[in-house]
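Participant: Sequence:
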Amino acid sequence: MKLLIARSNYFSYSETFIDEQIKQLQPHSVLYEGWQPSRLYSGGSIYPFPLNQLLVRGSLRRILPDLYQKIYTYFLRKYLRNNQIDAFLANYGPLGTHIFEACQAEKVPFGIVFLGFDANETKTLENYGARYAQVLPIAKAIIVVASAMKPTLEKICGPLPNLHVIPCGVDLNQFYPASQKKKSTAFQLISVARFAAKKGSLLSIKSFEILLKQFPDAQFNMVGDGPLWQEAKDYVKTQQLENNIHFLGAKSPDEYLPLLQEADAFIQHSIVTPSGDSEGTPVAILEASATGLAIVSTRHAGIPEAVKEEVTGILVDEHDVEAMGNALIRLASNPELCQQMGMAARSHMQEHYEVGKLSQSIKQLLA
1 MKLLIARSNY
11 FSYSETFIDE
21 QIKQLQPHSV
31 LYEGWQPSRL
41 YSGGSIYPFP
51 LNQLLVRGSL
61 RRILPDLYQK
71 IYTYFLRKYL
81 RNNQIDAFLA
91 NYGPLGTHIF
101 EACQAEKVPF
111 GIVFLGFDAN
121 ETKTLENYGA
131 RYAQVLPIAK
141 AIIVVASAMK
151 PTLEKICGPL
161 PNLHVIPCGV
171 DLNQFYPASQ
181 KKKSTAFQLI
191 SVARFAAKKG
201 SLLSIKSFEI
211 LLKQFPDAQF
221 NMVGDGPLWQ
231 EAKDYVKTQQ
241 LENNIHFLGA
251 KSPDEYLPLL
261 QEADAFIQHS
271 IVTPSGDSEG
281 TPVAILEASA
291 TGLAIVSTRH
301 AGIPEAVKEE
311 VTGILVDEHD
321 VEAMGNALIR
331 LASNPELCQQ
341 MGMAARSHMQ
351 EHYEVGKLSQ
361 SIKQLLA
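Residue numbers for the sequence shown, in UniProt numbering: 1 to 367.
The set of hints was computed from the structure by calculation and includes no laboratory data. Incorrect hints may have been included.
Each pair of labels, with its calculated beta carbon distance range [to be verified]: (1) Gln340 x Leu55: 55 to 61 Å; (2) Gln340 x Leu60: 54 to 60 Å; (3) Asp217 x Asp254: 25 to 31 Å; (4) Arg330 x Leu241: 32 to 38 Å.
Virtual Cβ for every residue (Gly too), placed ideally from N, Cα, C.
Construct the complete structure from the given sequences, taking the supplied hints into account.
Facilitator: Below, the structure written as structure tokens:
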């Protein structure tokens with residue numbers, strides 16, 4: 001099958017799930033750049049000169065968006081036809097609404113993967129809801145990464161028999177427990193996340209503060225950056241927590257794997273933001289689970305599916321900082337429980353989240 005995959009960015013360290021999708025599915029080609037992707041991973045563009053110039057297409061898209069969509073559909077159809085593409089997989093709902101006309105005209109089956117905000121954020125649903133209602137029922141497959149996303153889309157579109165829940169997966173050969181953990185008397189906590197509102201990084205920090213009252217030597221490594229990074233750093237400085245909380249910036253999976261392997265537990269306080277933005281299934285939680293870490297997180301989106309409550313980790317309600325702090329104290333007080341949950345987390349990933357199996361499930365839906 002000659003598969004074409006589309007995504008909005010060439011690379012984003014917070015989109016490792018799409019990188020893994022491309023790695024597993026081995027498509028014929030990959031398109032990227034915004035919700036009307038036209039540039040190719042292999043180099044070049046679906047457009048001839050001068051439309052292959054960003055300034056030209058950017059100006060046209062801004063001034064005459066309807067005309068630009070027609071031009072985009074024309075050249076995408078030409079690309080699909082010339083390359084004899086058999087199936088098209090679009091990442092994120094908005095992108096799917098821009099490629100469907102070309103796919104339909106060329107009789108190319110297409111699937112759309114919804115990954116979080118695209119099925120939840122109020123502004124996105126206001127802008128694209130009508131298009132979703134038009135496009136989703138005719139797709140070969142609609143894929144959501146968490147069951148919690150299904151009701152929202154079906155409220156917009158009506159029943160969708162073509163909708164499938166396939167979570168993001170994790171490469172168990174890339175993420176695995178350390179053969180022998182370094183001995184440390186201090187409890188080691190880690191997070192790997194963008195400093196964005198829905199990730200709740202400041203709430204994780206405040207939960208860690210509660211832990212420090214009983215375990216003053218505990219250490220917290222925070223991997224990632226983002227719009228709220230400086231706010232979090234300022235808070236830590238104000239509270240004089242610099243000796244316990246360490247901001248490590250954005251890192252590649254190869255760089256943060258050793259940090260996961262050295263940690264005792266993983267934390268992420270995911271929340272629904274005032275704008276309605278929400279997670280799908282946070283891949284960092286899957287990676288930490290595969291590495292054998294107990295998880296402390298929230299009952300949010302796909303997290304209760306990825307984290308078996310009281311088996312592979314401890315879940316609390318969104319914004320309940322005190323409950324999350326107490327969960328950390330419980331794990332720090334009981335290393336055996338922490339280790340037991342970590343082992344169960346690894347097994348849970350092996351059974352339900354192995355990325356190769358999940359990728360094949362997507363491929364079969366498009367065949």
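Participant: Evaluate each hint against the coordinates.
Facilitator: Hint check:
1. Separation of Gln340 from Leu55 is about 58 Å and conforms to the stated range, judged on CB atoms against 55 to 61 Å.
2. At roughly 59 Å, the beta-carbon separation of Gln340 and Leu60 lies within the given 54 to 60 Å, and the hint holds.
3. One distance hint, 25 to 31 Å for the beta-carbon pair Asp217 and Asp254, holds here, with the actual separation near 29 Å.
4. In this structure the hint that Arg330 and Leu241 lie 32 to 38 Å apart at CB is violated, the actual value being about 21 Å.
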